[in-house]
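Based on the sequences and whatever the hints tell you, model everything.
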Amino acid sequence: MPPRLQVLSSGRATTIRPRPLNPSSTVILPLCLRLSPRRNITADEKPLPKAEDQSPGPNQEQLPHVSEEAAAVGKITGEGGPDIEQGTPVQEILERDKGGQAKAPQVIKENLLSASSPKGTRSYTTSARRWQEAMISFEDAKIETQGHKFALPELPLPSTAHMKHRYDPVVHQVTNLLMKDGKLSAAQRDMAMILTHLRTASPPAVNPSRPLIPGAPPASHLPLNPILYLTLAIDSVAPLLRIRSQKGAAGGGVALQIPVPLGLRQRRRQAVQWILDAASKRRGRGSGRGGFAQKVAEELIAVVEGKSGVWDRRGGVHKLGVSARANLSFGLNRR
Numbered sequence: 036m037p038p039r040l041q042v043l044s045s046g047r048a049t050t051i052r053p054r055p056l057n058p059s060s061t062v063i064l065p066l067c068l069r070l071s072p073r074r075n076i077t078a079d080e081k082p083l084p085k086a087e088d089q090s091p092g093p094n095q096e097q098l099p100h101v102s103e104e105a106a107a108v109g110k111i112t113g114e115g116g117p118d119i120e121q122g123t124p125v126q127e128i129l130e131r132d133k134g135g136q137a138k139a140p141q142v143i144k145e146n147l148l149s150a151s152s153p154k155g156t157r158s159y160t161t162s163a164r165r166w167q168e169a170m171i172s173f174e175d176a177k178i179e180t181q182g183h184k185f186a187l188p189e190l191p192l193p194s195t196a197h198m199k200h201r202y203d204p205v206v207h208q209v210t211n212l213l214m215k216d217g218k219l220s221a222a223q224r225d226m227a228m229i230l231t232h233l234r235t236a237s238p239p240a241v242n243p244s245r246p247l248i249p250g251a252p253p254a255s256h257l258p259l260n261p262i263l264y265l266t267l268a269i270d271s272v273a274p275l276l277r278i279r280s281q282k283g284a285a286g287g288g289v290a291l292q293i294p295v296p297l298g299l300r301q302r303r304r305q306a307v308q309w310i311l312d313a314a315s316k317r318r319g320r321g322s323g324r325g326g327f328a329q330k331v332a333e334e335l336i337a338v339v340e341g342k343s344g345v346w347d348r349r350g351g352v353h354k355l356g357v358s359a360r361a362n363l364s365f366g367l368n369r370r
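Numbering-wise (this note's numbering), the sequence shown opens with residue 36 and increments by one.
Rather than coming from a laboratory, the hints here were simulated on the basis of the structure.
Each hint should be verified, as a subset may be incorrect.
In silico EDC-like cross-links for lysine to aspartate or glutamate, where the CA-CA straight-line distance does not exceed 16 Å [what the hints assert, rightly or not]:
no.: 1; residue 1: K316; residue 2: E333
no.: 2; residue 1: K215; residue 2: D312
no.: 3; residue 1: K144; residue 2: E130
no.: 4; residue 1: K144; residue 2: D132
no.: 5; residue 1: K133; residue 2: E145
no.: 6; residue 1: K110; residue 2: E120
Pairwise CB distance ranges (calculated) [to be verified]:
no.: 7; residue 1: S358; residue 2: R324; range: 39 to 47 Å
no.: 8; residue 1: E189; residue 2: L259; range: 21 to 29 Å
no.: 9; residue 1: E189; residue 2: A290; range: 48 to 56 Å
no.: 10; residue 1: G250; residue 2: E340; range: 17 to 25 Å
Every residue gets a Cβ at the ideal spot worked out from N, C-alpha and C, and that includes glycine.
So, in structure tokens, the structure goes:
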């Protein structure tokens, strides 16, 4: 059996709502127009209201134009300003505006064309004969060899002209002996500090009992040339020979001391090694990057003054070489 239809209960559940407004037909005014009064028509009998505090409006009391201000300042100072009653001619404006010349009237175009074209010119020239004379004189001229932009170097080239060998041989050798673990830049920095210390130090006092090599300059001239200072200190204590031990040469397994002469670089190498050993035993005056370089420079000064222990080592090697000079013929007799 189908259920009964209840009309009263269905009427209670139905809700009637108003129709929504069309947003396109509704005009929403901004807040400034809704708050301020609007006046569309103004007549003589209904003038605009005036401000109560008599304050100026937005278009009142504006600054004058630049030309007017310049004219007023010129009138006050007496220097004279621009003439504001006379305007700028159209021709001057069109001379600066190339694009506007094409749209200018025909009369103004003719005036601009007549003003721009030079007077007294013609389309042909009579300078051909002058050019012909110039060409004849050019053909008669002799070709000269152009020189160099910079002067040629003098030959033969000096030993310091090569980029990789531009330093003094003594400086280069001492720098290589100062280098540790392949750090050449650190050795070069120490070498520069050593030369700076030699240049700024006071002149040394030479000991007569330990003279320097012959031909040495006076002691007062040494700080003026630090490279000469370094070379003089190294060559003065460089040994002339070394002692080579020949095992079993004396018989019964006893080694024989044989003096061997040294070359220039070998002598300097031995002297630098002695100086570096003595400098490493010196007491440092402080910590820092240039501590060892300062000790080496002080040892070089002590060598020149005859106070270094390197002189004793050199004297011991020479004394041993003199005592073993009888063994020089050992190699010759053996052959």
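Here is what the structure says about each hint:
1. This hinted pair checks out: K316 and E333 have alpha carbons roughly 12 Å apart, not beyond 16 Å.
2. Of the supplied pair hints, the one linking K215 and D312 holds, its CA atoms being roughly 14 Å apart against a limit of 16 Å.
3. Taken as a hint, the K144 and E130 pair is honoured in the structure, with Cα atoms around 10 Å apart against an allowance of 16 Å.
4. For the proposed pair K144 and D132, the alpha carbon gap of about 13 Å is at most 16 Å, so the pair holds.
5. Proposed proximity of K133 and E145 is supported: the alpha carbons are some 15 Å apart, at most 16 Å.
6. Of the supplied pair hints, the one linking K110 and E120 holds, its CA atoms being roughly 15 Å apart against a limit of 16 Å.
7. Take S358 and R324: their Cβ atoms lie about 45 Å apart, and the range 39 to 47 Å holds.
8. Distance hint check: the CB atoms of E189 and L259 are about 26 Å apart, consistent with the given range 21 to 29 Å.
9. Under the hint 48 to 56 Å, the C-beta atoms of E189 and A290, about 54 Å apart, fit the expected range.
10. For G250 paired with E340, a C-beta distance near 19 Å keeps the hint of 17 to 25 Å intact.
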